[in-house]
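Protein chains in written order, with our numbering: chain A, 1 to 426; chain B, 1001 to 1426; chain C, 2001 to 2426; chain D, 3001 to 3426.
Calculated from the structure, these hints are not laboratory results.
Among the hints, a few may not be true.
[Said to hold, decoys possible] Residues on chain D that point at chain A, a partial pick, calculated with CB under 10 angstroms:
#	residue
1	S3030
2	A3032
3	P3036
4	N3088
5	E3092
6	E3195
7	H3217
8	L3221
9	A3225
10	A3364
11	G3380
12	G3385
In this text the structure is predicted, and so the values were computed from the model without any measurement.
Just so you know, even glycine gets a beta-carbon here, dropped at the ideal spot from N, CA and C.
Protein chains: 4
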Amino acid sequence: MVSETARSTAPLNAPRQALAERVLAVRTRSRALTMPLSAEDMGVQTMEDVSPAKWHLAHTSWFWERFVLLPHLDGYREFDPRFNYLFNSYYEAVGSRQPRARRGEISRPGLDHILAYRAHVDGGLEQLFALSGARWPQALDALLPIGIAHEEQHQELILTDIKHVLSVNPFAECYGEAAVPARGPEPVREWISFEGGQDMFGHEGGGFAFDNEGPRHRAWLEPFAIASRPVTNGEYAAFIADGGYRTASLWLSDGWARIGEEAREHPFYWRGGPGEWREYTLHGEREIDADAPVSHLDYFEASAFAEWTGFRLPEEREWELAARANDPAGGRWADPDGFLHPVPGDGDGFFGGVWEWTRSAYGAYPGYRAGKGAIGEYNGKFMCGQFVLKGGSALTPPDHVRASYRNFFPPQAQWQMTGLRLARDS
Amino acid sequence: MVSETARSTAPLNAPRQALAERVLAVRTRSRALTMPLSAEDMGVQTMEDVSPAKWHLAHTSWFWERFVLLPHLDGYREFDPRFNYLFNSYYEAVGSRQPRARRGEISRPGLDHILAYRAHVDGGLEQLFALSGARWPQALDALLPIGIAHEEQHQELILTDIKHVLSVNPFAECYGEAAVPARGPEPVREWISFEGGQDMFGHEGGGFAFDNEGPRHRAWLEPFAIASRPVTNGEYAAFIADGGYRTASLWLSDGWARIGEEAREHPFYWRGGPGEWREYTLHGEREIDADAPVSHLDYFEASAFAEWTGFRLPEEREWELAARANDPAGGRWADPDGFLHPVPGDGDGFFGGVWEWTRSAYGAYPGYRAGKGAIGEYNGKFMCGQFVLKGGSALTPPDHVRASYRNFFPPQAQWQMTGLRLARDS
Amino acid sequence: MVSETARSTAPLNAPRQALAERVLAVRTRSRALTMPLSAEDMGVQTMEDVSPAKWHLAHTSWFWERFVLLPHLDGYREFDPRFNYLFNSYYEAVGSRQPRARRGEISRPGLDHILAYRAHVDGGLEQLFALSGARWPQALDALLPIGIAHEEQHQELILTDIKHVLSVNPFAECYGEAAVPARGPEPVREWISFEGGQDMFGHEGGGFAFDNEGPRHRAWLEPFAIASRPVTNGEYAAFIADGGYRTASLWLSDGWARIGEEAREHPFYWRGGPGEWREYTLHGEREIDADAPVSHLDYFEASAFAEWTGFRLPEEREWELAARANDPAGGRWADPDGFLHPVPGDGDGFFGGVWEWTRSAYGAYPGYRAGKGAIGEYNGKFMCGQFVLKGGSALTPPDHVRASYRNFFPPQAQWQMTGLRLARDS
Amino acid sequence: MVSETARSTAPLNAPRQALAERVLAVRTRSRALTMPLSAEDMGVQTMEDVSPAKWHLAHTSWFWERFVLLPHLDGYREFDPRFNYLFNSYYEAVGSRQPRARRGEISRPGLDHILAYRAHVDGGLEQLFALSGARWPQALDALLPIGIAHEEQHQELILTDIKHVLSVNPFAECYGEAAVPARGPEPVREWISFEGGQDMFGHEGGGFAFDNEGPRHRAWLEPFAIASRPVTNGEYAAFIADGGYRTASLWLSDGWARIGEEAREHPFYWRGGPGEWREYTLHGEREIDADAPVSHLDYFEASAFAEWTGFRLPEEREWELAARANDPAGGRWADPDGFLHPVPGDGDGFFGGVWEWTRSAYGAYPGYRAGKGAIGEYNGKFMCGQFVLKGGSALTPPDHVRASYRNFFPPQAQWQMTGLRLARDS
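Use the sequences and the hints to build the structure in full.
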């Protein structure tokens, strides 16, 4: 245990103090996001990709406990060693774990127990932060931003996953009510042109980034142009109306097979039919807004749409180059009390509309090596079979987006808030 | 609505009054059985055969509402018409319904809402029973016993299903604590002999029976003998120790394939290994009691065990004939505060040990015709691919067992409390 | 080796001589049945139930080698010990074997090699039969009829299976040409009534029977009537036209689920649609004959059709009792040069129309015990999940049918030439 | 029909004459490759990726007929229009087709029929080539090389696929006998270093290339080194011995899941165990040669092995740059009479050892657009979920390899002759 004396000697310096405060704020926000949900809502798993909200609350706590408190807070008491089995997501280095597809079978520990776990971990974090500046473990400077980013990712997943859980309910259940933001003028699609050439890519340093955003490296781009805004629901409805889902030549081979097997004819959460498309949102089923970014497309749909237009998906470095001039803060970031769905104008400044599929397969940047140990499993071991997405959506936490950020999902993922932006060769 | 005047004119006659009281008692008991469970426990579905406890509470209420209150209580207000979709089990005549494998995905309505549903239905039943004797719908005399029997079946399922739900929890969760009953002397297996010949079978009338227990009919039996008690854990452990699970010649072809695919080497809830067998019970994991009836065998295991002994499973009519002399009330029936697992001596009197597999495929008795309409779907449409079980288990409700009762499950069912009793040709 | 001297001493007695001749005739006929097929046709397996014709030719040879020649012909040289792995069907006592679903993957040994195997085995059989009467192994008297019956079953399977193989070919391939037999008058359906009562069932002795046809035993039947002929294509088309495939109340629960999953709307080999039904036969696709027995129904279809008529399927003992008065020789038995499909009038005398589903689950007769060793696996280990069929079809070998014969298939089997005959309680 | 007069006027010019001769030679070679096989061998499909050899012979003929003869040979008579259904591989623009997984079910047309089809198409090609130089359709200059390359790809597949077909045979069947080439000294692994920088990649023009090898484009490479030879069996056996298959941290997440499900512990065709590894080859099962390139690894195995060494897989452009200095003709190319398996020294010159996995996902080069129509489906629609492989194997046709060639397979593909070469950052 940390003694009173030790804790009282010296306050943290200002940047560390700010970091500590961000940690506690992100912890508070996770719980806040689940307040509209019952314990029963929070236990359900409706597909393998989806985790129960309760599991997210527990897993994020486990992450802090396992990687921050146990190694760095002397005397910290592990809440329950069995949670290493239940709430480890995929860290092979930590040991075996509850099978992913069976997270919804675990009714015990119940929500109350998990909230107690959160409180225990929060108490540990507060103790840790109370350490005098001199005794502050240096490793925290790197670890805490990872923990924040990790929990923010799970905040986005809480919303993404509960959306699916509520959507399969035969009755029109929703996460909550929210006013639709006032809309601006219809966004016009313009082409932003770039001359190409040699440039530097990846995270520049200064602020947190995941390891997969680096190393910063040189690459050559051919001249290209990129659209000033994401593709809209109205444009996507026109693709459907033009027989997009029945035209094999527009589709990647795997995509054509998939939509055939599923007899798929529209995006994941769309309902109704031509002329009366509606979509399921966290605020219930609503008429689609023709000017809002289309969302919940898989890679195959994004690719087929781009093919239909005669243009293409951007490369990840094209997107990064184009987005650099914009301010990520310009997005309408996920506000638990706000409207949790894209509206017209979202994504005009590249950030905060939808996660935009690029045609770049997710792989290692030149010189990239995954770290050692469990934390090294965060990104590198997924570099196969996935595509990079850029931008961030209406569900993405505020300080979690930047031009170098590389989100990644397999091409068939639909339950994420995913769309696209067109590009073309110049 | 039923007017006060109408209700006050005349009390029900005594048998109807007793029937009405049994209805209300069975309703109360269902809820009582779930009291040890949290709302989260009650929402989980761990295999397709298992339904969430919450669903059982709602479905049994729906059954009363749909088949008793709506047709027979003037002015009854349906609680929520959408429940016809959610809580219909398999009545094609009523309409489409939530897919069985997806009952665990429905977090809303929550438990509180479903308890309100139960209260609403119970209120309706009370109103119905308050009807003067003269205005009592005659149909109730036949319908109420079906409703009671139906809800009792689901009481057994609540326990059976929650046992599976808790058993998959990686931690040793249990339904509750209970004292193990004092045990008598070790039960000796004796052969009870019958001369065979022509006899009558099926329900004799007098008291409720399901339609599949009749018509009463004549059949011829060859001489046979049947064991005085079910097979015990100790006997079954000897079968395992003798290589029972590795000896193809003992098994039905489908059974041998199945245990091969699953690499199965012991009964469903057994854990540990030879010499240290333990089993999961509603009261947690316990050492097996060598003298207690073995349970949670599938038909293939029961059949292979019988083959190993050189004897065989009984025919359903052999079992019925032998059991007639015994009093069903002699069983140790499911007491929610009692010990919910077989103990030595259970089943000695044929009833209340385990559900005992017979080698009779479940089919129609001569002259049987399924009823018309939804209620006619209760039994007849399942007469394919299942076997008859007799006897009743430690989870079976008190007045739900009799010599003519025909339980039925597919041969691969393991999650029920199923065992066997040996028979032989004389 | 058997010496010339030994062989010349004494001829076989007449019954043994006749038996030996039947063995050689059945061997010849198997090969004759495959003459219209190429080696390539004979290697294909199109579903797990189907075996390549080449495999049937080899397996039947292996059966003689393994159960007759090796034990009883001194000096017999096994053709290739590896064939025990390849051509064992399901005899666990003999050892491991090629997985059933992968019989079509074995291109080597090729057809020529397998024909050499047949010749080798035939040579062995001839040697065996040349043994003087005195040295004839007594066991052959029981074994040879089993071998004949076994090979005859596979003859039926050769035709049944190649029908499926050719049917999946996108082009209209057929087994061969054949003239349609001249048709008699339209068969009228009459009810043949029986008073019921106590009677004896099962094989009477006198001639070969499988073990599952006995023991002969007493049983009680209630009064019933049975139709004088099988259900026809025309009657079945009326069931379809009346919405039979869309009426849940007619179907067993498992059947309703199955036709829903498959979106099934007609019998297995029917094509076209209402008013223009055609069916695939071994002689190619043909217009259905409204007066011919309907074939290739599964149990669920047979049961639903019976329910639609208000009648029912017969019990196996009802069928046996009714058929006894008829002469099995009256059927139009499978003639490789004949018309291999039911025509009007087939089955009028109970035998030789289609295999007729009964509602009796396939189980053991009272007192039945499976034999020891591999031959004991022939029937007993399949007594689970199947139904008894009676009668025999246009593909069934001539001397392979009798009133006591019990064919059995799982309820979902469609690739067999299966139909039904109606019955009713009197 | 082409008249004699027309054909006699003028010979083809030399390059066109050479091209025509190459077409006919490649046609001859395809058939030659199947000479060791029976018609039965050539009909079997043992996994979805595998096609029957017979199908390859037919499909390649169909390709010439559909894309060369029908459009360009006036009066050409299509052999059988139904073959468009049977022998179309994946050209959506041409129409529907036999499902890929069911190619092995088609016994008719038989091999003889397909050889007649080949002869018919060859006759058409000869007629086409007999056209006077003046009437030669210009489009052929581009189409014929595609047809040659296409048929060569299928030649490699014939060998690859029949290897699998024969390997599943429980007896040690092989494609043929062949002498093992004399081996040189043990190949030493040296690092070949490159300074990186800006360079041009993709096909330079001059000779045939697939569309996916272009456009030629600029890219920037960081300094790197690449191994002088592929990884050997001996090195891979050391990885196994060191617990490579049991060390999660070496594996991509999908790979770790896959080897876990399959309980995989060695490469696809390896048999035996540590210290006595053997492998199945087209010449039967043989002891592994520790100095020969390891083959039949999937991407996950290649990646895990590289991780274990501390090095990595090369990028496709690194491999291309390094290979440029070498002569593809230096490889030991697939000789149907030669040894169809890698031997020590194969691949030292980059070409002709094994197909070497790179860590580059298969995607479009800058400026790439798939062609219009069916031929445009050749490459572009597969740009998802696959990785680029370079080099060519012992089964690859002689003139089918070059530094710019991009083979591609999904990461789980094992039935191809695939291995790896190490690279590292400098």
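Right, here's what the structure says about each hint:
With a cut of 10 angstroms, the hint placing S3030 of chain D at the interface with chain A is violated, because the nearest CB-to-CB distance is about 25 angstroms. Taken as an interface hint, A3032 of chain D does not check out: its beta carbon lies about 31 angstroms from the nearest beta carbon of chain A, beyond 10 angstroms. A cut of 10 angstroms between beta carbons decides the hint on P3036 of chain D: the least distance to chain A is about 33 angstroms, and the hint is violated. Hint on N3088 of chain D is violated. Least Cβ distance to chain A is approximately 12 angstroms, over the 10 angstroms limit.
Proximity of E3092 of chain D to chain A holds as hinted, the smallest CB-CB distance being about 3 angstroms (cut-off 10 angstroms). With a cut of 10 angstroms, the hint placing E3195 of chain D at the interface with chain A is violated, because the nearest CB-to-CB distance is about 13 angstroms. Interface hint at H3217 of chain D: satisfied, since its Cβ lies 7 angstroms from the closest Cβ of chain A, which is below the 10 angstroms cut-off. Satisfaction of the interface hint for L3221 of chain D is found here, the shortest Cβ-Cβ separation to chain A being roughly 8 angstroms, below the 10 angstroms cut-off.
For A3225 of chain D, the interface hint is violated, the least distance from its beta-carbon to any beta-carbon of chain A being 13 angstroms, above 10 angstroms. Satisfaction of the interface hint for A3364 of chain D is found here, the shortest Cβ-Cβ separation to chain A being roughly 7 angstroms, below the 10 angstroms cut-off. Hint status for G3380 of chain D relative to chain A: holds, with the closest Cβ pair at about 8 angstroms, below 10 angstroms. Given the 10 angstroms rule on beta carbons, the hint for G3385 of chain D holds: about 5 angstroms separates it from the nearest Cβ of chain A.
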